[in-house]
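Colleague: When you get a sec, could you build the whole thing from the sequences and use the hints?
The listed protein sequences correspond, in order, to chains A and B. Our numbering applies: residue 2 is where the first sequence begins, and numbers increase by one. Our numbering applies: residue 2 is where the second sequence begins, and numbers increase by one.
It is worth saying that the hints were derived from the structure and are not from the lab. We put the CB at the ideal spot given by N, CA and C, even for glycine. Take every hint as true, because none was put in to throw you off.
Residues on chain A that point at chain B, a partial pick, calculated with CB under 7 angstroms:
id, residue
1, Asp145
2, Ala157
3, Val161
Residue-level listing of the chains:
2 protein chains.
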Amino acid sequence: MPAPKRSDAERNRAKILVVARAAFAEQDADVSMAEIARRAGIGMATLYRNFPGRRELLEALYADEVDGICAAAETIDAQTPGAALLAWLRQAFAFFASKHQVAALLLKQPGADDHFFNDNRSRVLAAGRPLLEAAQHSCEIRDDLSIEQVLDAIAAVAHVQRPSDYLEPILLTVLDGLRVSAGSA
Amino acid sequence: MPAPKRSDAERNRAKILVVARAAFAEQDADVSMAEIARRAGIGMATLYRNFPGRRELLEALYADEVDGICAAAETIDAQTPGAALLAWLRQAFAFFASKHQVAALLLKQPGADDHFFNDNRSRVLAAGRPLLEAAQHSCEIRDDLSIEQVLDAIAAVAHVQRPSDYLEPILLTVLDGLRVSAGSA
Numbered sequence: 002m003p004a005p006k007r008s009d010a011e012r013n014r015a016k017i018l019v020v021a022r023a024a025f026a027e028q029d030a031d032v033s034m035a036e037i038a039r040r041a042g043i044g045m046a047t048l049y050r051n052f053p054g055r056r057e058l059l060e061a062l063y064a065d066e067v068d069g070i071c072a073a074a075e076t077i078d079a080q081t082p083g084a085a086l087l088a089w090l091r092q093a094f095a096f097f098a099s100k101h102q103v104a105a106l107l108l109k110q111p112g113a114d115d116h117f118f119n120d121n122r123s124r125v126l127a128a129g130r131p132l133l134e135a136a137q138h139s140c141e142i143r144d145d146l147s148i149e150q151v152l153d154a155i156a157a158v159a160h161v162q163r164p165s166d167y168l169e170p171i172l173l174t175v176l177d178g179l180r181v182s183a184g185s186a
Numbered sequence: 002m003p004a005p006k007r008s009d010a011e012r013n014r015a016k017i018l019v020v021a022r023a024a025f026a027e028q029d030a031d032v033s034m035a036e037i038a039r040r041a042g043i044g045m046a047t048l049y050r051n052f053p054g055r056r057e058l059l060e061a062l063y064a065d066e067v068d069g070i071c072a073a074a075e076t077i078d079a080q081t082p083g084a085a086l087l088a089w090l091r092q093a094f095a096f097f098a099s100k101h102q103v104a105a106l107l108l109k110q111p112g113a114d115d116h117f118f119n120d121n122r123s124r125v126l127a128a129g130r131p132l133l134e135a136a137q138h139s140c141e142i143r144d145d146l147s148i149e150q151v152l153d154a155i156a157a158v159a160h161v162q163r164p165s166d167y168l169e170p171i172l173l174t175v176l177d178g179l180r181v182s183a184g185s186a
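Modeller: Here it is in C-alpha cells:
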C-alpha cells in the first residue's frame, strides 16, 4: 500500500520540521537530534531516514522558509504593483529575521557550503524581481535600485540585533524611501 | 624648550596616525609595528612612546575618526535643519564604512573592550541627537525614529559588504525615507 505509507512519511517529515523549527528558535539552540525525535514523538530511525544529520535538517528548514517566501511572491494580493512589492518585502523582512538564526546554526555545521546559500538567494531574487519590475513600471517605486539592492537593504535592517518594535520604524523608513513620491535626497 | 618639543611630538603622533590608517586600510591589514615606524620615518622608541601597542594605536585611529564625525555635527553648513541632518548622516555613513575595518582589527586584539566601543558610540549619538531633534522640530524629518534608530539604519547599510556605488542608491533610499514628505508605508 504505497499511498498511505507516503502520507505517513509526509506527516512525519512535516512534524519533524515544525518541532525542529521551534527547538532551534529557543534560547539554547543546541538541541540534540534525540531530543527532536522525542518532541516529535517519533523514533530515531524515522528521524534519520528523513534527515541523515543535523545539517540536512537545518538545510530543510532553511529551504522550507525560502519556499514560503517564493510562494508568497506569486500569491500576494494588493491594489497596485507597488503595494504588492511593499507587502512582499514585509514578508521578506520577517523571513530574513528568522532565517538569520537557522543560517547561523547551519554555518557552524561541518559541510555547510556556499552553493546552498547562493542557490537559495537566487531563488528569492528570482521571486522578487517581477514584483519590483512591475512596481517600477507603474512608476510607484524608484527605479535606481535592482532587486539585489532592495533585498540587501531589507536584510541589512533585519540583521540589526534589536527587538522587532525597535526595527519597525527603520523598516518603514526604507519602505517609504522606495516610493517614488519620496523625491530624492 | 618645551614648546617646540611638544610640537615635534604632535607632528610625530599625527604622522603615525596617517601612516597607520593607510596601512590598516590595505588588503593585508596585518602590518607590523616595525613597518609602521619605518613608513612614518621614525624610530621604534618614538612609536612605542606614542602607542605602547597595536591595540592602543587602533584605538587612537578609531577615536580620531569619532572626533571627526562629532566635530562635523557642530560645523555642518546647510540651508535647513533637515538638510544639515542628511548631510551629516552622509558623513556618518562614510565613517561607519571606514571604521568597520579598524573596529574588526581592534576586536581581534587582546584586551579589546566593550567600554571603548560603547563610549565612542555614545559620543556619536550625542553629536547627532541635536541635529535630529532640530530637523524633526522643523517637520522636515519623520519623528518616529530616535537617533539610535537613525544611526543603526545608516550603519546597517554601511556594513553591507559591497562596493560604494552599489550602496549609494540604498543610502539614498534610507535618506529619502527619513523625509516627512515620504508619506507612510
